[in-house]
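Student: Please work from the sequences and hints to get the whole structure.
There are 2 protein chains.
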Amino acid sequence: MGDDGALIDIGDGRDLVLTTDTLVSGTHFLSTDDPFSIGYKSVAVNLSDLAAMGAIPKYVLLSLTLPVSDEIWIEQFSNGIKALLRSHSVALVGGDTTRGDTLSVTLTAIGFVKSDTALRRDHACLDDDVWVSGLIGLGSIGLLIKQGVLAFPVEEEQDFLRRLHEPQPRIELGQKLIGIANSAIDVSDGLVADAGHIANQSGVKIIIDYEEIPVHEAIKNRRFNQDIESSILGGGDDYELLFTAKAEHMLRINSIAAELGLPLTKIGRVTQGVGVEVCDGNGGLKKDFQKGFDHFATRK
Amino acid sequence: MGDDGALIDIGDGRDLVLTTDTLVSGTHFLSTDDPFSIGYKSVAVNLSDLAAMGAIPKYVLLSLTLPVSDEIWIEQFSNGIKALLRSHSVALVGGDTTRGDTLSVTLTAIGFVKSDTALRRDHACLDDDVWVSGLIGLGSIGLLIKQGVLAFPVEEEQDFLRRLHEPQPRIELGQKLIGIANSAIDVSDGLVADAGHIANQSGVKIIIDYEEIPVHEAIKNRRFNQDIESSILGGGDDYELLFTAKAEHMLRINSIAAELGLPLTKIGRVTQGVGVEVCDGNGGLKKDFQKGFDHFATRK
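Residue numbers (our numbering), protein chains in the order written: chain A, 23 to 322; chain B, 23 to 322.
Among these hints, one or two may not hold up.
Since the list gives no way to pick one copy over another, a pair counts as held whenever it fits inside one copy or between any two copies.
[As the list claims (entries may be wrong)] Listed below are the simulated EDC-like cross-link pairs for lysine to aspartate or glutamate, each with C-alpha atoms no more than 20 Å apart in a straight line:
hint: 1; residue 1: K104; residue 2: D56
hint: 2; residue 1: K80; residue 2: D34
hint: 3; residue 1: K80; residue 2: D144
Just so you know, these hints were derived from the structure itself, not from any lab.
Tutor: Here is the structure:
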């Protein structure tokens, strides 16, 4: 249960990969959010768990709890579910609808991966490079924009809000990293927290160079604003992949980036030790980053 | 999606069977209920879906939403989960805990069945006998006892309350009915509603003889009390199996009953037509039975 999903050897050369995630109104989204986005994101976060293991997603089961039966809401929500399933050829094979006071969505995703090849959290090796896909901090800055804490020109705001509401699970990337990455995880709790999961489970230390972290053009010059720094290091909801790989794989990783049209950026390295260290550009250490998403502590 | 679970051919002579169910505080249980029972029942209703298809349960994933993090509650809840998993050699392979305003439990159960042998709802045949396992109405009469609507001597009340809180999925029975039953379902929505699912999906009519329905000794003489009649015909939460089989299988069915120490009772037959008819002992028809459990209509 340390990985994003459970691996089960079904004995025909494949492992079954199973994962489940619940999104709850008031915690992961607002009940007034666009139902399309709620559906879309529910699928995205589950497929992202499979992506982090290099699995090919095949099926999902949906369990929906609703305060009232609202057909228009359900139709838009279903459209969000179907949009992402369709683009990855995943089938909705079952489900359950229940009445309850709080809107809540649980998805279970089922995929397959060739036996003993799944990407894991506990296989990072000393001297591995640490890589991340895409841009980091988009989702949590999107949330700050939505809450009115930060503002940007409208077009740029769309980039952040789109990531918050319709994140893209990096399914193709996960599969291509099999045989290349020694460890992987998706950035859902926050960059430092998720790097910490790999470090702890692999028994190593991860050093991240703060200025190497790829961020949106709009915040490049505001990297040291406190809200933005917290979002980059501690915000979750990006659903990019963080992975480690031997230095000799750099060229292959760069060619995967080109093939997928998805930036892959080296942001640090694996060393002996414990935990995660974030270096600023002056040889100093950042220490007061928000420590990632904890449902029972940091947020309501 | 018409069956209790989804069937997926994984290509090695087995079908994967997947099912998911959510239990929500205020709808399926009270937040003040014994956490052991909440855990136990969450597993039971999911394994019951697999039982109704003749599948062997192997794995479950748990997604728990909690208003507050209460370690004692979680430990007792986990004990309930584990108790039933252990007795059926099922492994908890993954999960997710989330904070949300309403206590809610979603379980996904994964099992296997030999390809093309799973029990289905849509294969009932004309002239099949209709059978049911165990006793009917225990769960919903348990709820009436809990609500103070009905009262019995304490020892008898325990039988009803135990079924309400810790129903027994009929896993062994389901597997033994493969090759014998033409159709099967678990009694979760209510006897008539669930018979209706088989009738509708098989394109037949099911006739049930009210006085043949096996009930607890304590209510045998109160069969025509209105609350009790509604509970027998319309109450769900029994998690017995309702199945249809050719008349020639009666002896084999009786020997399965003896082997399992579980009563199996013939309560009706399959004929041409539509829907479900319930006959009283005098050649009349019962028409005003509560039509089973509908989360958005009959109950809060």
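Student: Would you pick out the hints that fail for this structure and give their numbers low to high?
Tutor: 3
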